[in-house]
Every structure is written in C-alpha cells, then in structure tokens.
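Heads up: the protein sequence lines correspond to chains A and B, in order. For the numbering used here, add 16 to where a residue sits in the first sequence, where the first one is 1. For the numbering used here, add 6 to where a residue sits in the second sequence, where the first one is 1.
Just so you know, these hints were derived from the structure itself, not from any lab. Be a bit skeptical, because a hint or two may be false.
[What the hints assert, rightly or not] Stretch by stretch, here's where chain A covers chain B in the computed footprint (C-beta under 8 Å, at least three residues):
(1) 39-51
(2) 59-70
(3) 75-89
(4) 92-99
Note that CB positions come from ideal geometry on N, CA and C, so glycine has one too.
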Amino acid sequence: MTDDLIARLSADVRPVRRGLMWQLLIGALVVGGIIATIAMYMMLGLREDIATAPTTMIFWTKSFYTFALAVLGFCATIVLARPDGRTRWPWIAAIGLGVLLAIGAAMQLMIMPADQTMHLIVGGSSLVCPFYIVGLSLPVLAAVMLVLRRMAPARATLAGLAAGLFAGGTGAWVYTFHCGENGMMFLTLWYTLGILVVAALGALIGRFALRW
Amino acid sequence: MIAMALCINSDVTFARVETNGAVMVETDTIETRLRALMLAALDGDAVAYRTLLAELSRHLRPYFTRRLHAAHSSHAEDLVQETLLAVHSRRMTYDRDRPFTAWLHAVAHHKFVDHIRRHAIRPTVQLDDDAPIFARDESEDAAARMDVDTVLQTVSPRTGALIRQVKVEGASIAEAAKAAGMTETAAKVSIHRGLKALTARFAGGRDDR
C-alpha cells in the first residue's frame with residue numbers, strides 16, 4: 017500500500033527549481049498588482065496633480081510607508097509558508113513603523129495652524145479610503161493565497177495574516193497614486209485601518225484556506 | 007571532561023554521559039544521507055527519491071505508532087502515507103541550505119496534529135512534545151539507565167518515582183497518579199517541576215522546554 021504510493025510518487029518526480037517559492041510569491045504580487053493598478057486607473061483615476069505630487073514630502077511618505085509594510089508582509093509570508101518557519105522581526109518592524117509615523121503625524125499637527133487640524137486628520141476622503149484600499153488589495157490577496165495553498169504553512173492563521181499585510185501594503189501603495197490627501201495623520205489613521213482590515217481578512221481566510 | 011545532559015525533549019527521559027559526542031555523530035550521518043537524497047530528488051533523481059521515501063516511511067512508522075494508543079495504531083499507516091504525500095506535494099518548501107530532518111519533522115508533526123484533531127484521537131504524548139524522529143532510542147542503554155537513577159535521586163522520591171514511571175517506563179499520567187495516590191493534576195505539576203529542576207541543574211540552567 018505504502019510501497020505503491022512510494023512507487024507512484026517517485027515515478028512523478030519533477031525537478032524543483034531553486035527559489036521557486038520566491039518566484040511564485042513575486043509572480044502573485046505582479047499579477048495581483050497589475051490588476052489592482054488597472055482597476056485604480058480605470059475606476060478611480062490618477063490624482064489630478066500627479067505631475068507635481070512627487071515633489072512633495074507627503075507623497076513619498078505615503079509611498080514609503082505602504083511599500084515598506086508590503087515588503088515586511090512579504091518577508092513574513094515567505095518564512096511562514098514553510099512548515100518550520102518562525103519569524104517575529106517583520107511584525108515588530110511593522111508596528112515600529114506605524115508608531116514612528118504616528119509620532120511624525122502628531123508633530124505635524126502641532127506645527128501646523130489649528131484650523132488645518134481637521135483637514136490633516138479627516139481630509140476629504142477618510143470615509144472611502146479604507147474601502148478603496150481593501151478593494152485594491154483583494155486581487156493581490158487572492159493571488160497570494162492561491163500560491164500559498166501549494167506551500168506548507170504550519171500556522172495557517174498567522175501565514176494568512178502575513179499574506180494580508182503583504183496584500184494590504186501593496187493595495188495601499190497602488191492607492192497612493194489616486195489619493196490626494198496631504199495629512200500624515202490621515203495616512204496614519206485611514207491607510208493603516210485599510211491595511212489592517214486586509215490583514216485581518218487574510219488571517220480569517222488563511223485559517224480555513226491554508227490548511228493542509 | 008564529562009558533560010552530562012538531561013534530555014527532556016525525548017519520549018524517553020534519560021541522562022546521558024557524552025564523552026565524545028557519539029550520539030551527535032550518528033544523527034548527523036542520517037541527516038547527511040537523507041539531505042543528499044533529498045537534494046538529488048529535488049533535481050529530479052527518481053531513484054534517490056524512491057530510496058528517500060522508503061527510508062522515511064521506515065522512520066515515520068514507529069514515530070507515529072509511539073504517539074498513538076494501541077487502539078489507534080492502525081492510523082499510523084495512514085499518517086505515514088499522508089506525510090509522504092505532503093513531503094511530495096510541498097517539497098518546494100524545503101530550504102536546501104537548512105537541515106532536512108528538521109523540515110521533515112515539522113511536516114510529520116503537522117500531519118500528526120492535524121490527523122488526531124480531525125479524528126478526535128487522544129495522543130500518548132503532549133502535542134508540543136517535539137521528540138525528534140531520528141533520535142537514537144537509548145531506552146535499552148544500561149549506562150543511560152544508571153544515569154537516570156543517579157539523576158532522579160536528586161529530586162524527592164515521590165517526584166522521582168513519577169518521572170520514572172511516566173517518562174521512562176511509559177505509563178500514563180493517570181496510572182502514575184493512581185499509583186502515587188494523588189490527583190492527575192498534582193502528578194502533572196509534580197513531574198513538570200521535577201523536570202524543570204533537573205533541567206536547571208544538569209543543563210546549565212538552560213530550559214529547553
């Protein structure tokens with residue numbers, strides 16, 4: 017019985033490329049990211065001042081914050097996709113990054129005139145921002161989950177959380193090309209909220225979809 | 007110099023006197039051989055792969071049998087097959103630069119936990135007990151047993167007896183507790199504290215759980 021199985025499995029042994037996990041996860045990122053970018057461009061459109069926005073500090077702050085969270089999510093995902101994978105530093109780094117941003121945002125609020133406060137916190141799109149981020153993250157989340165199902169995460173929920181951070185960071189990064197908000201506190205609150213929702217969604221999906 | 011190590015992580019708790027690291031060498035040979043087979047298999051070598059799977063099933067069968075009550079021993083063969091299938095379908099998650107036995111152990115442990123949860127089976131060991139699959143079984147080793155006697159004399163006689171019954175002779179907590187005339191919880195606590203004290207004393211204060 018077991019001998020039959022061994023014979024069957026060994027007859028079907030195809031070479032496994034080095035770095036296949038990397039390639040699959042990056043492939044999922046590219047596919048999901050392209051879909052998200054097209055969706056952002058067609059349905060939301062680039063921000064009107066896209067030509068001048070890259071000269072502002074806040075544009076790069078948003079870009080760096082979201083991109084860094086995506087990278088940290090990727091680092092956690094690729095470790096947790098192995099059966100013996102354990103990692104802690106990406107979570108600590110992600111929380112540290114959020115705290116750092118919050119401190120910067122609080123300083124900006126203190127420096128800027130009081131009549132700007134509401135604008136810097138709520139802006140004009142705080143009600144929709146988290147939803148758009150979740151929406152743009154879904155293609156990446158779906159693609160990453162699909163490739164993760166071929167891997168071996170021992171802790172499904174945690175691996176799902178990592179995939180969610182990876183997808184949420186990516187979706188939010190794509191969203192920065194549409195979003196014209198200038199407040200650091202806006203970024204701290206609403207972007208983080210959107211990414212956290214995607215991370216939680218990833219954990220929930222992972223809990224069921226990543227069993228093996 | 008004689009280094010004494012108390013291995014709590016194994017099914018069999020034993021103190022062993024290592025004069026030249028002979029045990030390490032033996033485990034390393036298995037690791038070296040299996041890893042070489044795995045690397046060849048990942049490059050598409052069917053013969054190496056077949057040898058590997060056959061050898062794994064030989065190691066895995068007793069590993070699972072030991073973890074199941076006699077009534078469930080028929081599950082061991084299912085578990086061997088499930089593990090081999092997982093090794094096959096998820097072999098890309100093995101990092102070629104890391105020990106193969108550690109990866110295999112993680113896969114087998116995962117399959118075991120998953121299986122007993124799905125079938126609502128009670129295992130004979132704690133789920134977080136990470137006894138290595140490839141550890142040499144030294145329960146027959148007379149020298150090791152004498153060391154156990156020596157080591158257990160350093161804890162209270164009752165705790166020593168409990169540890170001996172449960173960890174060396176393979177009795178269940180319930181049986182040992184009954185024999186000692188105490189509740190199961192008290193027996194568990196007593197064993198836990200005893201082992202912790204022994205670990206602190208003989209492993210240089212390093213608590214490996």
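So, going through the hints one by one against the coordinates:
Figure legend: the stretch 39-51 of chain B, annotated as covered by chain A; annotation consistent (5 residues with Cβ-Cβ distances under 8 Å, at least 3 required). A count of 3 residues in the stretch 59-70 of chain B with a Cβ less than 8 Å from any Cβ of chain A is obtained; the coverage claim is therefore met, three being the minimum. Check on the stretch 75-89 of chain B: 3 of its residues sit with their Cβ under 8 Å from a Cβ of chain A, so the three-residue criterion for coverage holds. As drawn, the stretch 92-99 of chain B meets chain A at 7 residues by the rule of a beta-carbon pair under 8 Å; at three or more, the given contact holds.
The structure is consistent with each of the numbered hints, conforming to all of them.
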